[in-house]
Amino acid sequence: MIFDLFDNDYDEDGFRTCNVTGMSIHRSVENPVKVFGLTAVVALVVGGFFAIGVALTRWEFVGLLGPEEFYRWLSLHAWNLLIFWMVFLEIAILYVGGPMVLGRRLPIPKIAKVGWGTMVTGALVINYAIWTTEAPNQAPLLTSYAPLPSSPYFYAGAIIFILGSVVAALPFFVSLWQEKSWGEGGSLPLVTFGAFVTSIIAVEALLGGLAVMVYAFLWRIEILESIDAAVYRQVFWIIGHGTQQINLVAMVTVWYFLTHIVGGAEVVSEKVSRTAFVLYIFFINLGAAHHLLSDPVVSVSWRIWNASYAFYGATLASLIHAFAIPAGIEAGRRRRGKGGGLFGWLTNAPWKNPVFSATIFSIILFGFVGGITGVVMGQVQLNMTWVRTLATVGHFHGTVALGTTIAFMGLVYFVIRTMFMREFRFGRLASLQPYLYAATMTAATLMLMYIGLLYGVPRRIHSVVRDIPGTDFSLSAAEPLMMIFGVFALLAIISGAAFVVVALASVLFGEKKVPGSDLVPDGGVDFESDEPVHKFDMRGTFVITLIFLGAFIVVYIANWYLLSQLWSIGP
Amino acid sequence: MLDAVTNLVRQGWRNTLSIYYANTPIWRLLKSGALAFLGVFLWAGGNLFLSYLPGARIIDYVIAYGVLVFFYGPFTHLVIIPLVIRWRKRRGGLRNKLAKRMSKINLTFFILLVLVVGTYAPGFMFLSFDVASGGPNINPELGCVDRGDVIECELTEAEGVGQVVVSSGERTLVTVEERPYGFEVRKDEMVEVVGQKSYVVEIRDEDGEMQRRFSRSAPP
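Listed in order, the protein sequences are those of chains L and S. All residue numbers for the first sequence refer to the numbering used here, where the first residue is 1 and numbers rise by one. All residue numbers for the second sequence refer to the numbering used here, where the first residue is 1 and numbers rise by one.
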């Protein structure tokens with residue numbers, strides 16, 4: 001049965017034509033995409049399992065784990081979901097965006113296998129090292145901040161995983177080089193371009209990660225006598241936040257890809273979208289500076305330049321995508337005769353298709369929840385009211401759990417239907433799952449932000465609501481909101497588990513069937529009008545953008561106002 | 001210019017009406033979800049502002065609107081609007097007459113409800129900001145001196161302390177339960193990590209609950 005998963009109808013040369021995308025797909029690309037995708041889902045299962053302990057501990061009404069176990073579970077939750085689930089799937093995205101979209105074989109396939117094996121080894125070593133952590137070693141969380149020592153195996157595992165990721169990305173770069181050397185000339189397709197930008201940011205992040213983990217490893221095995229904690233922190237965030245920027249750019253690429261394929265979106269202006277991707281290359285990694293805004297070592301001008309000037313270059317890029325993608329859906333659907341009214345193009349879209357609904361929820365929730373709060377808390381001044389509180393945890397669940405994870409769930413559903421060629425098992429649950437996960441995770445995320453902002457409940461601590469030990473300061477007033485958080489966090493985990501059940505049951509037991517018209521944009525592949533796409537009405541998107549801008553302004557002003565109330569200036 | 005503005009307002013009003021009466025399943029879901037989200041946003045934001053501006057009565061109405069729209073918004077678009085549209089399709093009769101005025105009645109009732117709830121401000125709408133109800137303040141100071149092979153420590157400001165536990169790695173080295181909570185630890189009993197011997201001093205209250213934790217390194 002396992003080998004049946006990797007067997008589609010290829011011609012003598014190993015190619016087949018996908019009847020959904022029209023792409024010419026070679027076996028050597030499709031199978032690694034499946035392997036990396038399935039490995040990512042396994043990491044999601046592991047990370048999701050550890051989320052149970054984390055949520056039930058921070059929900060102090062239950063208080064499941066003691067401090068030591070809590071940090072162990074939190075570290076495993078963070079590494080499996082923030083790193084392994086994301087990076088394995090991002091390598092798959094590189095193979096889709098590169099050789100698959102370009103209609104090529106995967107170059108140097110053995111290197112891809114070596115990369116996968118190395119990444120899996122690194123992931124296993126890290127999981128083992130965290131699980132077996134004993135004092136005086138500390139569970140590393142995501143940051144493994146020096147000089148707190150973690151197990152030497154942890155640093156070694158991180159180095160192996162990073163090296164494996166670089167190796168696994170090599171076939172993608174070679175395929176681009178082949179395309180530019182032997183291809184028909186012209187620009188790369190937009191999805192390939194997006195994947196290329198992702199890979200540039202990825203290489204920068206991974207090299208930074210390699211530098212910092214090798215430095216920490218040498219210190220931990222006592223080849224280096226001491227470690228400069230400030231240097232560690234600064235270099236760490238090249239990968240610490242860099243990996244999240246890879247998630248962002250990969251997610252935006254997936255948005256363009258899936259909205260086009262299942263929603264009928266067209267790119268209204270390739271130049272504008274490509275410019276936005278280029279802005280990411282220049283500016284987005286500078287946004288990592290917001291992790292150091294309360295760090296006493298870096299200068300004020302360094303903080304202000306990175307987080308209050310350069311970072312807006314990346315914000316502008318995201319705002320461009322935030323307009324370009326819905327505008328593309330609106331114009332594309334109107335061109336196919338699926339418009340009507342202000343929002344008819346949106347409401348008559350294929351909402352029962354989980355690939356479509358997951359992608360749209362990802363766009364909306366990333367923008368409204370993760371994006372706005374990221375820009376707000378990324379500022380030097382406003383950062384003071386967010387940093388070190390649960391609000392920060394809320395922000396990155398807005399970006400990673402609501403934005404990237406939901407988009408990637410949509411991508412996995414797409415791979416199940418078009419590459420594994422399986423019908424969904426539990427079809428109704430498959431249709432509902434993006435709704436359930438989006439709703440419950442949004443509620444849990446908003447509660448995290450709110451508890452952090454309203455009560456200043458700190459992050460990275462296993463219990464604070466009842467009292468902070470040894471003080472007369474109590475945060476018990478936050479308990480009602482913690483109850484809401486706890487319930488919705490559990491429901492979000494159950495909704496995530498529903499995704500895993502549907503995905504694995506479909507892959508293993510789903511009926512093998514060539515995907516049909518249900519995945520092709522409703523309104524068909526052909527257009528109803530010969531008018532160029534940019535001539536079509538986009539007023540619905542304009543209204544949505546105004547609503548988004550309004551929410552942005554309200555949140556921005558409210559945060560500044562509240563900050564100004566914290567102390568008085570003047571006599 | 002005036003015509004353009006008039007047209008824009010008229011078109012905006014028509015769009016608003018068409019969205020208000022849109023009655024396909026996905027529209028009902030989107031409107032209900034958006035209003036529930038708006039409700040939570042206003043309730044949460046209102047309470048946040050109230051924590052900074054206690055006594056600002058206007059915020060009570062914002063919170064009341066948020067709480068009510070969270071329930072009433074989905075109720076309107078999942079129940080009332082579909083009913084109004086069904087009744088409007090009937091010819092004549094009381095239901096048809098009622099349906100023609102139902103939206104105005106519904107909106108008026110909702111606004112009145114907001115005014116009443118905002119004015120009487122029931123407690124369930126508000127979050128508590130009482131942050132000073134914890135236990136006693138236990139704030140000991142730990143002073144340690146290097147004596148060559150051993151480290152000598154003593155505790156000052158020890159009110160409320162019941163027990164001091166010293167450990168290194170996984171091993172407990174010393175437990176002290178008597179005042180003045182002084183103790184010695186031998187360096188050769190400490191676990192060494194990254195070239196440094198370290199130990200942890202845990203201060204517990206009389207019930208054995210951890211109150212403070214000091215992590216220290218011994219000089220070489």
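Hints in this document: simulated from the structure, not taken from any laboratory. Be careful, since some hints might not be right.
One side of the interface only, derived from the structure: several residues of chain S facing chain L at Cβ under 10 Å [to be verified]: (1) I26; (2) W27; (3) L30; (4) G45; (5) L48; (6) F75; (7) Q163; (8) S167; (9) S168; (10) E170; (11) L173; (12) V191; (13) G195; (14) S198; (15) M210.
From chain L, some residues computed to sit far from chain S (all C-beta separations above 12 Å) [as the list claims (entries may be wrong)]: (16) T21; (17) L38; (18) F61; (19) K352; (20) N559; (21) S564; (22) L566.
These numbers were taken from a predicted model, which means no experiment stands behind them. Backbone N, C-alpha and C fix where the C-beta goes; we use that ideal spot for every residue, glycine too.
Outcome of the hint check:
1. I26: It holds, given that the least Cβ distance between I26 (chain S) and chain L is near 5 Å, below 10 Å.
2. W27: Since chain L brings a Cβ to about 5 Å from W27 (chain S), closer than 10 Å, the hint holds.
3. L30: holds (7 Å)
4. G45: At 7 Å from the nearest chain L Cβ, G45 (chain S) passes the 10 Å test, so the hint holds.
5. L48: Check passed: Cβ of L48 (chain S) comes within 6 Å of chain L, closer than 10 Å.
6. F75: Since the shortest Cβ distance to chain L is 18 Å, the answer is violated.
7. Q163: Where the cut-off is 10 Å and the nearest Cβ of chain L is about 13 Å from Q163 (chain S), the hint is violated.
8. S167: Result: holds, 8 Å to nearest chain L Cβ.
9. S168: holds (7 Å)
10. E170: holds (5 Å)
11. L173: violated (12 Å)
12. V191: Since the shortest Cβ distance to chain L is 5 Å, the answer is holds.
13. G195: Hint on G195 (chain S): holds, closest Cβ of chain L at ~6 Å, below 10 Å.
14. S198: Because about 6 Å separates S198 (chain S) from the closest Cβ in chain L, which is inside the 10 Å limit, the hint holds.
15. M210: holds (6 Å)
16. T21: The claim holds: T21 (chain L) sits with its nearest Cβ about 26 Å from chain S, beyond 12 Å.
17. L38: holds (32 Å)
18. F61: holds (16 Å)
19. K352: violated (9 Å)
20. N559: The claim is violated: N559 (chain L) sits with its nearest Cβ about 10 Å from chain S, within 12 Å.
21. S564: Violated: least Cβ distance 10 Å, not greater than 12 Å.
22. L566: Given a closest Cβ separation of 8 Å, the condition is violated.
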